[in-house]
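Participant: Residue-level listing of the chains:
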Amino acid sequence: MAQRRTAWTRLTTPFANIPASTATTLALAIWVIVIGGWALLSYGRVVPNMFLPTPGTVLETTYRMSLDGSLFYHTLTSAKVVLLGFVVSSLIAVPLGLWMGTYRAVQAPLEPLVNFIRYLPVTSFVPLFILWIGIGIEQRIAVIFFGTFFQQLVMISDCARSVSRDLVNASYTLGTKRSEAVWHVIFPAALPSILDTLRVTMGWAWTYLVVAELVAASSGLGYISLKAMRGFQVDVIFMAIAAIGLLGLITDTAFRIIRARVAPWAP
Amino acid sequence: MTESIKANNLAGTAAASSDPRLAGTTMAIEDVTLRYGEANGVLALDDVSLKVARNEFCVIVGPSGCGKSSLLYLAAGLNDATSGSIRVDGREVIEPGPDRGMVFQSYTLFPWLTVRANIEYGPKRKGLPAEQRKQIVDQYLNEVGLAPFADHYPAQLSGGMKQRVAIARALANDPAVLLMDEPFGALDSQTRGTMQKLLLRVWERQQKTVLFVTHDIDEALVLGDRVLVMTARPGKIKAEIKVDISRPRSMDVILEPDFIALKRRILGLLHDEIDEDH
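Those sequence lines, one after another, are chains A and B. For the first sequence, counting from 1, position 163 maps to 163 in the working numbering; every step adds exactly one. Add 1000 to a position in the second sequence, counting from 1, and you land on the number used in the working numbering.
Worth double-checking, as some hints may not be accurate.
As the list claims (entries may be wrong) - Covered by chain A, per the in silico footprint, the following chain B stretches (three or more residues, Cβ under 8 angstroms):
#1 1104-1110
#2 1117-1125
Unchecked claim - The calculated lysine to any residue pairs, modelled on SDA-like cross-linking and capped at a C-alpha distance of 25 angstroms, are:
#3 B:K1126 x A:V182
#4 A:K177 x B:Y1073
#5 A:K177 x B:A1232
#6 B:K1124 x A:W8
#7 A:K177 x B:R1247
Unchecked claim - Label pairs and their in silico Cβ distance ranges:
#8 B:R1091 x A:G203: 30 to 36 angstroms
#9 A:L113 x B:E1092: 56 to 62 angstroms
#10 B:E1092 x A:I133: 54 to 60 angstroms
#11 A:L26 x B:K1134: 48 to 54 angstroms
#12 B:E1095 x A:L26: 36 to 42 angstroms
#13 B:G1127 x A:L11: 55 to 61 angstroms
#14 A:S164 x B:Q1135: 27 to 33 angstroms
#15 B:H1152 x A:I133: 25 to 31 angstroms
These are computed hints drawn from the structure, not numbers from a lab. Backbone N, C-alpha and C define an ideal beta-carbon position, used for all residues, glycine too.
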């Protein structure tokens, strides 16, 4: 009679599954630790409240700013900037990336250029964008676009390139024409990894939000953080950060759901 | 097979097959040479010629690396020969086409399509009406015994089932010739036996021209009307062996004296090659 594995063995076995209840407990535990540590440091006055607000103060501020509608207003502005920048970027990057990964003739000229731009810091372009586009919402959208597009292009081109050659060959022997292969084979085959790429780059788009709102913004979560810094309102900064994180979590979950719906066949 | 598809295909090919030598021949490979890279590159195929008769089950057997798969890719039009010509129903092969169906060694089902949609892919490209497509798909689903799995995705199938769908998918296009590149090479030996039996049953019923490539001598002799023995470096057809074993064949055929004699001959041919090499 073989001995049953203990719970500890299972937890420490590479790639082994753990019960859903254990996973949930562990997921909750990390939040308890993070918020508990924060509470300990702030309520215990280990760090002065001027620099680290207590969870209570942050909740109070959130409640106050929710009541007067300002939290919703700033969140909406930020979400609009991020989503618009991301959608415009994705709408161009997906088809162009597919072409780039499929046709060497598209890849050869684009790749060196894209890899050059990809490594340029987005912040260094902000002055240029202000000169070119002005200080409206378009300038902020341009920052998000610039931060996301070139990364997306390279990653999506890789998605297309890693589609199995035999899959394309098989489609030819079934009557697919060369011009149809991108749409009928390479796109559907790469779709799950393209959606993963979009999910990951969506996260990057959020990280550029504060950079986008650094200059000349009059609303948005990044904007209120910057304003709060000048007034030493650390609680507002914390709230804004938490809001950005939460929005990121929501969009991430949305993408997971979309992927499961659109590509139920992919693991 | 529905009559109208058959008629369509014949209409498309009859005019082209003007060469009387090719009467009764589905596929003619003539003096095909394949060299990788420049003029002094590796010679993968050296002056290979062969003909496959209509409805014949022709098998090429040879060690790995002898160029047998390369030859099949050339026949499919997936690669270009350095010199020589390949004709199917009198028409020169210059690119891949649905008249040459292929089953690959690796699993090449479209993972985003269900079993049904995979089989339907070719007829859909052809522009057949939905009603006719359904009829064809149902026929081949039954033929390979996978009707209960019609709405499964490939990821939910075993290796043997995937290759059964791949065979059904290729046949649903009603190709002039079915090219098979070690289709059962990745399967365990029991599944391979089952698949061979299934393929023979389907082939006997459907009357298809098949060019099958394998390194497994038993497989070659169980399946083929004729076995071509291929040797490596450069790839050449060394011998042609007619398999005069009556059909339908059962899997027990491998125990019969005729079979064993043929197997011994092929083993001898392949061993000569290895001895020359070392």
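Participant: Does each hint fit the structure? Answer for all of them.
Facilitator: Hints, one by one, checked against the model:
no., hint, result
1, 1104-1110, "holds (count 4)"
2, 1117-1125, "holds (count 3)"
3, B:K1126 x A:V182, "holds (18 angstroms)"
4, A:K177 x B:Y1073, "holds (17 angstroms)"
5, A:K177 x B:A1232, "violated (33 angstroms)"
6, B:K1124 x A:W8, "violated (54 angstroms)"
7, A:K177 x B:R1247, "violated (39 angstroms)"
8, B:R1091 x A:G203: 30 to 36 angstroms, "violated (54 angstroms)"
9, A:L113 x B:E1092: 56 to 62 angstroms, "violated (41 angstroms)"
10, B:E1092 x A:I133: 54 to 60 angstroms, "holds (58 angstroms)"
11, A:L26 x B:K1134: 48 to 54 angstroms, "holds (50 angstroms)"
12, B:E1095 x A:L26: 36 to 42 angstroms, "violated (56 angstroms)"
13, B:G1127 x A:L11: 55 to 61 angstroms, "holds (56 angstroms)"
14, A:S164 x B:Q1135: 27 to 33 angstroms, "holds (31 angstroms)"
15, B:H1152 x A:I133: 25 to 31 angstroms, "violated (52 angstroms)"
Of the numbered hints stated above, those contradicted by the structure are hints 5, 6, 7, 8, 9, 12, 15, listed in ascending order.
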